[in-house]
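The primary structure of each chain is shown beneath.
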Amino acid sequence: MKVFKTSTENLIKLLRPDLGRFEDTVTPYCNYSQKEFSSFLEKLNLDIEGEISNDEALAISSIKKSLHLLTIKNHDVPIDRMEFDYAIIFHKELKKVGYSKNHIDNHAMWRWMSLNHFLKEVLARRAQKLIDRKDLGGAAKSIFTHCFGEKTRDIFPRRYFLIGERLHDKEKGYALLEKLAEKSRFEKSGGFGNLINNIIETSLLSPNDFVSKIMAKILLTGGKPADDKQVAKAFVRYNGFKKRLLSSAVEQVFEQEVCLL
Amino acid sequence: MSERNISIDTYDKMDNLFGLECGAFIPSVNATIKMPGNQVLNLFNHFFEDGTRLRLREDNTTLYLRFCIFFNEGYSFKDLNFLVNEQENPFDVLCIRIQASCKKSKWCSAQKRISLSEISKTKEVEIEIPLSDTRDSISLSYYLTREIEAKRKTPKKASMPYSILSTGEDFKVLLDEVKDVGGNHFPIFPKTGMGDSLFRIEGLENSVIIPRIYYNDDFEEYFKRDDLLSVNSAFLTFSFYILDTYLRWLIFISSYDETDKEYRSFLDLYSGYCKESKNRISEIANMPKFSQEQTIEYFILSQKLFVGIQESKAINFKKELKGFIKEEFKLKSYESIQNIN
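Protein sequences appear in the order of chains A and B.
Start counting the first sequence at 0; every next residue gets the next number (numbering that gives the first Met the number 0).
Start counting the second sequence at 0; every next residue gets the next number (numbering that gives the first Met the number 0).
Don't read these hints as lab results, they were simulated from the structure.
A virtual CB, placed ideally from N, CA and C, is assigned to each residue, including glycine.
Treat the hints with care, since some could be wrong.
Incomplete in silico selection of chain A near chain B, CB under 8 Å [to be verified]: (1) GLU8; (2) ASN9; (3) PRO206; (4) ASN207; (5) ARG243; (6) LEU244; (7) LEU245.
Calculated pairs, DMTMM-like style, for lysine to aspartate or glutamate (alpha carbon to alpha carbon, straight line, at most 20 Å) [said to hold, decoys possible]: (8) LYS212/A to ASP132/B; (9) LYS216/A to ASP168/A; (10) LYS103/B to ASP104/A; (11) LYS103/B to ASP153/A; (12) LYS102/B to ASP132/B.
With the rest of the complex left out, here is chain B:
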């Protein structure tokens, strides 16, 4: 056996046993902002009901994550017996540990240890987040762990302390605008003096600096919100053109090194949208620039992109359009009621 293959007995696990009801308490406004159902709370781009924007870093040095832990639907204390030996009582052997961490700055909170008797929708636990130690985002993770070594080893049951018996998807709190290219994020900024233009892409001639998207600064306050249907529809309209322009830049103009982080992010992004392997896209980008072969390959990729973005989860045209239609119908029926009145 080598050191790289530590023999760890497999044991029974049961993930997603627990749910968290979580919120971020912001001292400057003395308010708690609730975590939405998708488990991602965006504090960088949070607007209060009166339209004011949260100034997280400007007005606060600390924020507090407050949460209750409870059994997810369909699970109860009885299920914990499955995770321990027959003669053991889960209350004596197991506990829940919760920690917040920031991958970017490598900060990790103190671990909150919660006994099983404290599982309740009313018992609130708090973790302090020093903003100076964190960057971009923090993740809140929970683990059900075995706390003591088993007196007798039973096949398929964890025996060592700190064995993780259950965990679930992390909760994420976004603190800053993420500046890396990757996922569906591009460098986009407001600009004055754009006249009647809404969007422009500049810097396409530069082979080493990523082109920037500019939008008319008349729309700055609206484009920074993600709850406006009209803004969403504007971005949907332009999204294919923007992605296709960046694809053209990546293939015909850019001169990235294979090991470059941004280049790899682009490959990841287009590999996802075009459903094409990263190696293939890289091969196409490295063909002789503007050669017939490269141009044909670009057209094929562009077609795949057009279909791919419609089917992607990040930009789901069909779902968004249905949402718009539904909202428009609501508006129309409201208007007709108004007219009747």
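For reference, chain A alone in the conformation it holds in the complex:
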């Protein structure tokens, strides 16, 4: 995969939308096609290293196709309720080409991939409503925030690969993610967003990502999913038990002491 070698500070200076330079920094995010946007990036003479392999190119094209099909199949579901579907798609395809936890912190790689391949997907997920309201400045800012990812947790493909890494299981495969995807698509409420924020941001080091999985399962796959507050409080409780090694505790302990519904 290709990697930006230009420093993050310089990339931000060059790519952050600025209403004072509307044509140069806002229009590309809102009006350019992916091809035009990639040419725009090329003209900036950014320092880039590496090559994209055939397998990686195929994986990206397969991800884009699956995301498109997902949107068509669920045209009546708001796009922001399909986070776990996105995670399954990204994780499945990138795993096939050998991506692992080792790649998670290669932010320059994720940023290159995101800007050069997922501009339109980020626009649909994060900025369409703003564009509909003719707020192009806000839309460009939102696309920059989630496509470039000023905060690394926001980089579009990385976010979904990371959710996939946390919740995919060697033995049970994507069963938990599929259940969460189904629930989040059809439930009217639930703390799915908070779950994602917590599993992406906290360290939660546990064997086979056990803590992420068990908390996701208890909180959000039961009859009535936990709401935002309940999810947030469960993670606060977990982090509060510093004197106990709950990273492989039995499900009962989580049910009785951490994930209180």
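Assemble chain B onto chain A, guided by the hints.
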């Protein structure tokens, strides 16, 4: 009570009860490399006795940490009674859990559960480390935990399952070269065509990219080793100049944002060496560039740096120099024996 203040009864703990004898088994060379006494094993920069360098990632997909657990000197099974209720038998209530984890990639191994009867210098336990899931370094941690809930609560004794009753300092295995600035690491690379120069620092005029240190590539194979006294002495000689140059760059040239990770790493580093608060160093860096006030403050910091690095644990000049003198004496006495013979 708020959710942020979960009431947890305090209980008796006894840290550092156990020691680990640990090594990393490398499949490609069919050999185990022992963990040194400082509990940090550097596999990125490991050389075998024949001078060849370990190619960890190139030749392996997995490595295995093998270890035995035993009581540290001065401790025995009797001490475990202090951690449980009077009527309880530690063998029924406690066990040791060991796990390896990688903070960078958020990978964690399966937990090895070892019963107290398995504590022995001869019983070896193994944890598999998939290299594709790990980055930079892994830590091996051990915990003595309570396994079952106490039937009766006793003041000062842990009662809940998974309560940690003893732990110790992590063992660390370095897998990759750490590229972040921080601690005492700077970007340093070999370079061809440096003639008689040994070191150069380039990029000092750039305000956003960290300057790079280059060294003459004639010395590449030696500078990547950390067991050569002559190399250590060369780095000691240049260390103050290098640190002071970076300090000048940080104060007079760099234009970091306050929230920048690299900037904060620099502040951490110089705060430690200069024994000055990070806020103060940041204030000085943000004064008008090259103003009289900023220049005076730089000289004061530079003086503090000169004293601070000599007293720091990372670059202990006095200790290193004593080591050199000792080695030189050994060499001289060996030479005189040779001459007599």
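Hint by hint, here is what the structure shows:
Checking GLU8/A against chain B: minimum C-beta separation of about 5 Å stays under 8 Å; hint holds. A hinted interface residue such as ASN9/A counts as satisfied when its beta carbon comes closer than 8 Å to some beta carbon of chain B; here the least separation is about 6 Å, so the hint holds. For PRO206/A, the interface hint holds, the least distance from its beta-carbon to any beta-carbon of chain B being 5 Å, beneath 8 Å. Because the closest C-beta pair between ASN207/A and chain B is about 7 Å apart, less than 8 Å, the hint holds.
Below 8 Å, beta-carbon pairs count as interface contacts, and ARG243/A has one with chain B at about 4 Å; its hint therefore holds. Given the 8 Å rule on beta carbons, the hint for LEU244/A holds: about 5 Å separates it from the nearest Cβ of chain B. Checking LEU245/A against chain B by beta carbon gives a least distance of about 6 Å; that is within 8 Å, so the hint holds. Only pairs whose Cα atoms come within 20 Å are accepted, and LYS212/A paired with ASP132/B is accepted, the gap being roughly 18 Å.
Taking the CA atoms of LYS216/A and ASP168/A, the gap is about 12 Å. The hint holds against a cut of 20 Å. For the proposed pair LYS103/B and ASP104/A, the alpha carbon gap of about 7 Å is at most 20 Å, so the pair holds. Under the criterion of a C-alpha separation no larger than 20 Å, the hint pairing LYS103/B with ASP153/A is consistent with the structure, at around 17 Å. Taking the CA atoms of LYS102/B and ASP132/B, the gap is near 11 Å; set against the 20 Å cutoff, the hint holds.
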